[in-house]
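Asker: Below are the chains, spelled out letter by letter.
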Amino acid sequence: MKPRSDSKLKNLPPERQAAIAARLGAGGPDSSLQAVCNWLREDGVETSTGALSQFYSWWQLRRQCEQNEAAVEGLLESVKELGITATSEQLQALGQAFFTKKAIEQQDSKQWFNAQRLALKKEELLIDRQKFQRETCQLFLEWAEDQRARDIAAGAASNSEKIAKLGELMFGEDWAPKP
Amino acid sequence: MTPDQIELYRRRILFVLDAQRRRDGLPADVVQLHANAQTGLEGSLDFVRDQLDYLSRRDPPLVEEALKAISKERRAWRITTAGSALIDF
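Protein sequences, first through last, are from chains A and B. Residue 109 in the working numbering sits at position 103 of the first sequence; the count goes up by one each step and never skips. Residue 17 in the working numbering sits at position 30 of the second sequence; the count goes up by one each step and never skips.
Isolated chain B (complex conformation):
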């Protein structure tokens, strides 16, 4: 993906997490499902996990882990207030 496509993809991840707010958070595969459908891009599961990690390391964090599991397959994510503020319409 080009830098612009990655930027677009990250925005869509935030968009999906903002719309689908669950107490238990969204697993990365659901985020991937929606972000791929919305962008028309084919982000792999590992790519999506990397982007979620990137967004969680921003200052302030834009996403956070809702379910901190031992295995990476069980991790789930939700948007933070700072992330939600970027979804503007």
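For reference, chain A alone in the conformation it holds in the complex:
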């Protein structure tokens, strides 16, 4: 996992982030990922639909946390007002337990579950692509040492003929390229 520093959406001011999230959640053709992407580009923010999807999931999680945290603060205030004697550790434990309970309640909502899964597909595709690239490089290293493969690559056949021969050599019976 390598860090990158081009987190455009994550580094926008909170008001701007709220405006983007509101647009994404508004429904209708203007709220599609592509439409919001175009809208942001007109405003000088270059991003992708994948990044936007990630942002929306992240923003919803953050908002949920803020709401739950406010509920925890309210509960702890009530405890103090009631004059209940508790150590700071007991209050902390109460806060954590209440926060967890709120999170579980929200997770039970199907709508919330679906919203959280928005970004998943993109990430899965990214990992698949990274895996494919890694395996391709690995295969290249393996077959670059193979004399038969080198002979095919250096031969006078056309590119498509070389691909067909290399495919048969590398994958055997599994080789079934589409025309």
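Any given hint might turn out to be false.
To give an idea of the interface, some chain A residues facing chain B are shown, with a C-beta separation under 7 Å as derived from the structure [unchecked claim]:
1. S13
2. K16
3. A57
4. Q60
5. F61
6. W64
7. L67
8. C71
9. T106
10. K108
11. Q113
12. I169
Bear in mind the hints are in silico, worked out from the structure with no lab data behind them. Here the structure is a predicted model, which means the values were calculated and not measured. Note that beta-carbon positions come from the ideal geometry of N, C-alpha and C, so glycine has one too.
Based on the hints, put chain B in the right spot on chain A.
Answerer: This is chain B only, laid out in the frame that chain A set:
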């Protein structure tokens, strides 16, 4: 889980901790709740705790304990600057 699924799951743990930043940190069961929902995988609580420990032992650490409790059930976690830098969009 396959190595790719574990990688995906770890990224989601960081994603959840990055979004849900609390002074007291997130308990492992809340991390589990969100990470499972987001990945569609069923990571057990022990699995999630192991992943949090793994991420905290990276150099630099990607997560850290916010609430160091005696019992493992009471531990809570938050993301580090290095971990947050990996959440990029």
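Asker: All hints, please: hold or fail.
Answerer: Hint check results:
| no. | hint | in the structure |
| --- | --- | --- |
| 1 | S13 | holds, 5 Å |
| 2 | K16 | holds, 6 Å |
| 3 | A57 | holds, 4 Å |
| 4 | Q60 | holds, 4 Å |
| 5 | F61 | holds, 5 Å |
| 6 | W64 | holds, 5 Å |
| 7 | L67 | holds, 4 Å |
| 8 | C71 | holds, 4 Å |
| 9 | T106 | holds, 5 Å |
| 10 | K108 | violated, 9 Å |
| 11 | Q113 | holds, 5 Å |
| 12 | I169 | violated, 28 Å |
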